[in-house]
Amino acid sequence: MGKLNIDRGLVRAARVAAEEIARGVITRVSGKTTTSIERAVLRLLGVDGVDSQGVPLPNVVLEQLKQSGKLGQGAAYWLVNAMLAYELDVPELIEAASKNAINLGDAPAQEKGRSKVLMDRLTAHALDHIAQTRQARENYLCSLGEGSLPYLYVIVATGNIYADVIQAQAAVEQGADIIAVIRTTAQSLLDYVPYGPTTEGFGGTYATQANFRIMRQALDDAGAKAGRYIRLTNYCSGLCMPEIAVMGAWERLDMMLNDSMYGIIFRDINMQRTFLDQYFSRLLNGWAGIIINTGEDNYLTTADAVSAAHTVLASQFINEQFAYQSGMPDSLIGLGHAFEIDPKLEDGFLLELAQAQLVREIFPNAPLKYMPPTKYMTGNVFQGQVQDALFNVASIVTGQTIHLLGMPTEAIHTPFVMDRALSIANARYVFNTMQHLEAEISFVPGGKIQARAAQVLADAVKLLEYIAQIGLMEAINRGTFAAITRSPDGGKGLDGVVAKTEDYVNPFWERMSQGRATI
Amino acid sequence: MGKLNIDRGLVRAARVAAEEIARGVITRVSGKTTTSIERAVLRLLGVDGVDSQGVPLPNVVLEQLKQSGKLGQGAAYWLVNAMLAYELDVPELIEAASKNAINLGDAPAQEKGRSKVLMDRLTAHALDHIAQTRQARENYLCSLGEGSLPYLYVIVATGNIYADVIQAQAAVEQGADIIAVIRTTAQSLLDYVPYGPTTEGFGGTYATQANFRIMRQALDDAGAKAGRYIRLTNYCSGLCMPEIAVMGAWERLDMMLNDSMYGIIFRDINMQRTFLDQYFSRLLNGWAGIIINTGEDNYLTTADAVSAAHTVLASQFINEQFAYQSGMPDSLIGLGHAFEIDPKLEDGFLLELAQAQLVREIFPNAPLKYMPPTKYMTGNVFQGQVQDALFNVASIVTGQTIHLLGMPTEAIHTPFVMDRALSIANARYVFNTMQHLEAEISFVPGGKIQARAAQVLADAVKLLEYIAQIGLMEAINRGTFAAITRSPDGGKGLDGVVAKTEDYVNPFWERMSQGRATI
Amino acid sequence: MTQDLNIIRPYGDTLNDGLIQLSFTLPLAKSAHTEEAAKQLVLKLGLVEPQIVYSEDIGANFTFFIAYAQTNLSVNVNELRVIPTTTKVLRKQEIEACIKAKLGRQVVVLGACIESDAHTVGIDAIMNLKGYNGHKGLEAYQSITAINLGAQISGEELVVKARECGADAILVSQVVTQKNIHIANLTRLAELLEAENVRERVILVVGGPRINHQLAQELGYDAGFGSGTYAEDVATFVVETLIKREELGNAGSSGKSGSSGNDSPQAE
Amino acid sequence: MTQDLNIIRPYGDTLNDGLIQLSFTLPLAKSAHTEEAAKQLVLKLGLVEPQIVYSEDIGANFTFFIAYAQTNLSVNVNELRVIPTTTKVLRKQEIEACIKAKLGRQVVVLGACIESDAHTVGIDAIMNLKGYNGHKGLEAYQSITAINLGAQISGEELVVKARECGADAILVSQVVTQKNIHIANLTRLAELLEAENVRERVILVVGGPRINHQLAQELGYDAGFGSGTYAEDVATFVVETLIKREELGNAGSSGKSGSSGNDSPQAE
Ligand code: B12
Ligand code: B12
Ligand SMILES: Cc1ncc(COP(=O)(O)O)c(C=O)c1O
Ligand SMILES: Cc1ncc(COP(=O)(O)O)c(C=O)c1O
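If you read the sequences in order, they're chains D, S, Y and R.
Using the numbering used here, read the first sequence as starting at 1 and increasing by one per residue.
Using the numbering used here, read the second sequence as starting at 1 and increasing by one per residue.
Using the numbering used here, read the third sequence as starting at 1 and increasing by one per residue.
Using the numbering used here, read the fourth sequence as starting at 1 and increasing by one per residue.
Keep in mind the hints are simulated off the structure, nothing from the lab.
It cannot be assumed that every hint is accurate.
Stated by the list, open to error - Quick list of simulated restraints, FRET-style, between CB atoms:
| no. | chain 1 | residue 1 | chain 2 | residue 2 | range |
| --- | --- | --- | --- | --- | --- |
| 1 | R | 78 | S | 330 | 56 to 62 Å |
| 2 | Y | 180 | S | 191 | 56 to 62 Å |
| 3 | S | 304 | R | 134 | 47 to 53 Å |
| 4 | Y | 243 | S | 54 | 34 to 40 Å |
| 5 | D | 438 | S | 191 | 34 to 40 Å |
| 6 | Y | 195 | S | 365 | 54 to 60 Å |
| 7 | R | 78 | Y | 157 | 36 to 42 Å |
Note that CB positions come from ideal geometry on N, CA and C, so glycine has one too.
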């Protein structure tokens with residue numbers, strides 16, 4: 001069937017190894033939770049807002065519990081228990097707690113049955129809300145329809161949510177299908193989620209729930225005008241990954257950058273923390289019908305796209321298995337890859353085609369996310385248009401799904417309104433003029449393209465089997481991905497990894513992972 | 001063998017019809033010569049320079065002969081006869097003639113034997129000179145080598161030959177293999193060739209022998225520095241086509257725009273004149289080893305590239321046969337075609353590929369000249385880079401030979417030095433990154449690309465058979481090409497078509513067409 | 001975004017950031033000095049925060065630069081004066097109806113691409129039956145007699161033809177603009193028509209990708225049309241102008257006054 | 001082409017034609033008025049013969065323009081002052097030899113990508129063994145102890161580390177420049193080093209794609225390096241500066257004076 005004539009046995013072997021890898025990690029971190037997961041639970045249960053100092057209330061509550069060493073039972077337990085003990089609803093209770101009038105951990109233990117009833121009610125309420133949001137998306141898609149494949153994905157990154165809205169609306173008029181609001185440089189290492197609408201960021205805009213809502217509304221308006229549903233994307237990544245998953249589910253984001261290893265490798269976030277956080281956030285993303293975008297493209301900014309091609313593929317297999325562990329269906333697993341081969345390399349485009357086609361054939365049902373050239377873009381915006389054009393060609397010829405548009409000004413600044421217009425025109429022209437080219441061409445048997453694909457697959461299998469042997473944590477420790485090494489006990493946020501007690505309660509975790517491998 | 005699985009029987013049928021068409025035309029104009037052919041003969045025999053009024057001496061002599069009604073015997077006859085009669089060498093004779101001290105037609109007839117000896121000597125001298133020039137090219141190619149295929153062809157068009165030289169040398173440093181000096185807008189309808197170096201033109205620089213020489217020297221220098229032979233191109237076209245062929249042969253031009261019908265269709269030059277002129281100039285071009293470039297691309301500026309695709313192919317078959325009639329080998333027949341489909345057309349690129357591949361497979365040994373998008377280029381120079389990139393893709397994927405670079409500023413101005421640099425970078429990147437892509441892909445049997453190619457070929461055959469029936473002159477009269485109609489006795493330059501007498505002498509015509517169909 | 005029309009500045013990603021992209025070549029080999037020269041040049045244009053984002057030696061002692069910079073200057077849009085050729089372009093039927101009702105005769109329009117210019121696609125788009133982008137050309141108008149002379153028509157030929165067919169309007173096309181040859185050609189034509197006493201009797205219109213109404217008027221033409229013009233744009237202008245002139249009952253002299261100096265053909 | 005260095009102008013296809021390409025967006029919907037505004041803006045930049053060659057409505061009341069125009073301004077290249085970091089970049093072996101001969105000890109270089117910036121590829125290209133484009137990084141230099149702290153290092157951390165390892169030079173990288181965050185970060189670091197009395201004891205260098213030597217000096221750094229820098233460029237500067245300071249026998253105070261105000265590190 002495929003154009004590459006790949007060895008299906010190797011693909012199966014890769015999945016077997018990757019499954020073992022992911023399961024190994026999950027087993028190893030089982031028995032733990034994280035401050036960020038617990039804050040996410042608090043958010044799901046209705047904790048929101050900031051205290052008089054501007055500290056987000058989930059953090060305030062969490063600190064209380066953590067300081068009193070009570071986090072092991074799960075924040076949900078203490079919240080519900082205290083609600084019953086003091087007969088307060090969530091806002092009342094949290095307000096009192098934030099004023100230190102109440103310490104959640106001090107409330108006397110309530111009767112289990114009553115706890116369960118309240119817990120179930122609150123959980124159902126939250127999950128219903130998410131289900132409704134998901135339904136709203138379905139309704140929009142049904143009534144408005146959507147852009148044709150590959151979806152045109154652009155970023156806005158002014159730092160100011162209101163300016164972002166203007167940029168996004170212009171982009172929609174230009175033809176964009178997906179808008180990603182890029183996050184300010186500093187946010188991923190914050191151990192809290194900023195609150196409210198924000199107007200100052202650097203290289204991006206803070207991810208806050210208010211900002212999500214503002215942009216969602218703007219895109220609904222723009223989409224209604226344009227006659228197609230516009231997807232909204234943000235970063236479910238960094239130290240607050242699970243909380244952002246909640247915010248995204250609430251505010252009807254449609255996609256999330258969400259990788260099982262990105263934070264470890266690129267942000268030096270502790271790996272236990274990340275593996276736990278990614279598991280829980282993927283439960284949520286899956287529940288909310290949010291497509292995740294994995295971050296393998298990033299490897300190629302520090303490692304070489306030719307020699308490290310197999311690491312991208314290996315990582316995709318791992319990301320897939322992690323997503324399966326969280327119960328996500330293929331249709332939500334937007335594996336990432338990128339067009340990052342040195343433009344000076346002879347036949348470089350053949351290798352790009354081989355890789356893109358390989359990923360397409362191995363993950364036929366995944367909404368693949370194809371990233372544009374970035375590393376080899378220069379200040380030559382005219383030549384940049386050409387590099388992006390070939391990227392567009394590779395995308396349409398290999399049937400990619402989510403197409404992140406390259407910008408001519410990639411090496412210069414976050415996109416200007418005109419940069420986006422130029423990029424969109426570039427992609428629309430290429431996609432239209434080559435609409436059915438994919439169906440027209442086949443690759444010569446045993447040619448350079450097929451040989452390259454076979455090689456990358458074989459190398460990926462070898463790598464995966466090696467990782468399965470030593471374990472993923474050790475593999476990362478040895479610098480397997482992106483040529484960066486990270487140790488299991490190093491990195492930021494380890495202090496947020498907490499052992500669960502026997503009686504740990506997390507109603508969402510339970511409900512969402514029913515019938516699946518649980519931690 | 002080919003990728004298109006075309007019907008070889010149809011290709012043969014097309015050639016049969018085209019041969020009939022070309023032969024029909026040649027037969028019809030046989031018995032005639034033109035003022036421009038005779039001036040070319042004079043140039044070959046050594047007539048050059050201008051009189052005191054600045055009128056080129058070939059024109060002065062020609063006018064004398066024409067006015068005295070003596071052209072039918074051929075200028076060569078009168079020149080040699082007068083040389084013997086007055087015992088003058090060519091410069092002396094012409095100087096006297098230009099001062100009206102002598103009228104060539106008045107000289108008493110000389111003994112045939114002596115005439116023949118002198119004629120043969122002068123002819124041999126001229127042809128030797130051309131042969132030496134051709135040999136010089138071979139030597140350069142041998143010692144310096146040349147750029148890889150497809151050759152990068154750029155134009156210079158400042159209007160000032162010295163500024164052109166600077167532009168050309170920069171282009172060579174940027175990577176150009178072929179430099180074309182574009183001719184000023186007004187020149188093709190002049191019935192003489194301007195003389196000396198020129199510094200003022202509009203949209204191009206006058207084609208003069210001095211300008212040819214200046215540029216040839218500059219390119220030899222630049223080529224020596226760059227370590228590859230740089231080809232020089234100009235226009236062997238318009239009312240002075242045969243004379244320019246002489247100048248090109250003399251000054252070692254390597255290519256010439258030279259079409260059997262362009263002047264008729266696009267410059268409203270009389271068709272008898274053009275058919276005669278093109279025949280003679282192709283004799284010369286063949287002798288000098290100059291690659292001709294035909295002008296089918298031009299059709300697509302007035303006609304639609306999709307619906308008129310078959311007219312381009314039909315015209316290529318005709319141009320090929322006209323070249324054969326003049327004894328040119330395939331290796332010198334640079335048939336032209338162009339990437340001119342509306343970028344808004346869905347699957348337009350598939351049609352471009354079909355056409356480029358079709359031409360490649362039908363004329364496997366011709367140095368095809370592929371022309372860039374021009375008509376649908378806009379002032380959007382950024383998008384222009386993308387259009388040109390796809391043109392570059394089509395070229396490398398179908399193995400074109402001579403690649404005329406598209407300029408981002410096509411819709412704005414003749415190229416700036418930076419426009420050329422950008423275009424060359426565009427093409428070099430595409431060619432290098434897709435170096436062996438042609439060998440990697442095949443087209444799906446019965447797919448849109450193959451179907452389109454089959455259709456265009458079938459339509460071309462039908463058209464050729466129709467033209468063979470009614471004759472090419474009538475076909476042009478009916479607006480077959482470029483949607484333009486021209487009548488056999490209309491157009492400019494008909495007064496320069498002269499009946500040959502029984503004793504017409506043209507030693508070059510005879511020598512060069514030995515063993516071939518003669519007029 | 002509410003926009004103060006008194007102060008319009010370029011927009012990169014923030015209102016009034018004034019961001020502009022530039023590219024140019026300096027006739028110098030690449031060096032730190034050349035780069036500094038590029039930066040100084042951008043500063044001389046009154047731009048601030050110049051960023052030379054790309055520089056490349058493009059051979060023969062040329063260096064190519066791409067820069068981004070900001071301007072603090074702004075344009076007051078409320079103060080701009082733009083002269084339209086017409087207030088509202090009529091559709092084909094409306095034009096035909098208008099001619100029938102108000103003129104009651106055929107309007108004769110003569111078209112040509114003049115002097116050395118052989119780019120006929122533009123004038124053909126206006127004149128020929130087929131038209132352009134689905135907009136029919138003047139030949140398709142029943143009440144217009146459209147005569148397209150085609151390429152490289154000299155001023156002298158045009159005068160003869162205009163007299164011959166009693167043209168109401170002459171439409172000339174100029175596409176090649178290198179070294180401002182179009183200005184020379186157009187000026188020469190206007191003078192010739194004047195000298196031959198044809199100018200007053202016709203509506204004189206010019207079009208081409210680098211032509212606009214203002215330039216046309218400066219050159220003594222009644223109107224000018226640029227890229228993307230359709231037959232109805234010109235037809236509207238021609239017909240409205242004809243009607244106005246005939247209404248003044250004095251085609252000759254009013255035609256004259258309309259031919260230059262006057263801001264808007266509508267205002268006659 | 002002989003070139004008058006007193007008058008350097010952009011070059012399109014003829015000497016001194018002054019041709020420049022521009023593009024920008026105006027926050028207005030497309031209209032004849034907007035087009036005129038674009039033209040006026042180009043004129044306000046002092047450019048002449050403006051040609052708006054492209055305009056497109058790009059949505060949300062924005063219009064994108066591409067223009068070509070000419071400038072009569074010129075730059076006098078003879079008058080430009082460009083401050084080089086060094087007169088001649090040494091090769092790796094030369095640097096090693098120089099350190100051995102003139103300093104006779106290990107040179108300690110500390111590198112970091114500071115504050116919120118996590119773009120380590122640039123600093124890695126300078127510091128890490130592998131280097132960049134075939135040019136080895138400082139780790140490959142036997143007589144240099146290169147310590148690369150990596151991404152998102154706060155000023156405070158950097159001070160501690162610099163003291164700890166007795167750094168001769170601190171190399172900081174700044175890649176994100178949006179809203180001039182690099183200026184803020186670099187200024188803060190310079191002040192902190194000053195306050196902590198570290199500034200005088202080190203050679204302070206900054207690099208990044210939007211950094212140049214002039215900017216660095218304005219911010220109180222000893223040198224700045226932009227795109228396409230290799231390890232040897234920095235190493236030459238660091239080693240030459242160290243040698244000069246040690247020759248002055250007074251590393252502390254001359255280091256200080258070299259840190260700001262002084263035009264050329266060579267001139268010390
Ligand atoms: C097609 C074409 C040709 C064809 C022309 C075929 C033909 N019969 O017309 C051929 C191949 C013959 C040709 C030759 C040359 N061309 Co040419 N050509 C073009 C090209 C690719 C497209 C022009 C076109 O057809 N546009 C489509 C029409 C519909 O648009 P338009 O002309 O703008 O017309 C519209 C409006 O302007 C307006 N309009 C135009 N005229 C009029 C008149 C009136 C009265 C009104 C109301 C409106 C109106 O309405 C039209 C419809 O909206 C352009 C590049 C480009 N992409 O623009 C170069 C271009 C115009 N050519 C150019 C040149 C230099 C030449 C040559 C001189 C090159 C040479 N030395 O050989 C020759 C000589 C031709 C000559 N003697 O004039 C240059 C001109 C540079 C300049 N600014 O001066 C261009 C810009 C290419 C380039 N970058 O170098 N060319
Ligand atoms: C790779 C990359 C990333 C990688 C970084 C991986 C890593 N570990 O470094 C990842 C994917 C993580 C990333 C993330 C982001 N990035 Co980033 N990234 C890039 C990219 C594509 C290439 C940068 C690069 O590696 N260049 C190659 C190196 C070798 O060049 P260089 O850095 O210029 O270094 C050379 C010289 O400058 C100099 N040099 C550099 N430092 C030093 C120091 C010293 C002492 C010396 C002497 C010399 C020196 O020497 C080096 C070798 O010659 C650029 C776009 C581009 N093509 O430039 C965007 C870019 C830099 N990123 C950008 C942004 C905005 C971000 C994000 C903030 C986006 C977001 N909101 O998520 C994040 C956050 C990162 C953060 N916290 O800093 C913007 C910055 C815009 C601006 N001008 O402010 C850019 C320009 C892209 C864009 N157009 O939007 N990015
Ligand atoms: C998965 C993932 N998360 C996050 C980011 C962005 O970085 P940051 O962590 O600074 O938000 C990226 C990079 O594009 C990514 O791929
Ligand atoms: C064969 C041929 N001759 C000549 C020309 C140039 O036109 P002109 O006749 O004005 O020189 C062209 C157009 O590119 C051409 O294809």
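Verification of the supplied hints:
1. Separation of residue 78 of chain R from residue 330 of chain S is about 57 Å and conforms to the stated range, judged on CB atoms against 56 to 62 Å.
2. Hint check: residue 180 of chain Y to residue 191 of chain S, Cβ distance near 27 Å, so the stated range 56 to 62 Å is violated.
3. Distance hint for residue 304 of chain S and residue 134 of chain R: a CB-CB separation of about 51 Å, consistent with the stated range 47 to 53 Å.
4. Distance hint check for residue 243 of chain Y and residue 54 of chain S: the Cβ-Cβ separation is about 52 Å, which falls outside the suggested range of 34 to 40 Å.
5. Look at residue 438 of chain D against residue 191 of chain S: about 55 Å separates their beta carbons, and that is not inside 34 to 40 Å.
6. The beta-carbon spacing between residue 195 of chain Y and residue 365 of chain S, approximately 58 Å, falls within the hinted interval of 54 to 60 Å.
7. For the hinted restraint 36 to 42 Å between residue 78 of chain R and residue 157 of chain Y, the CB-CB distance of approximately 54 Å leaves it violated.
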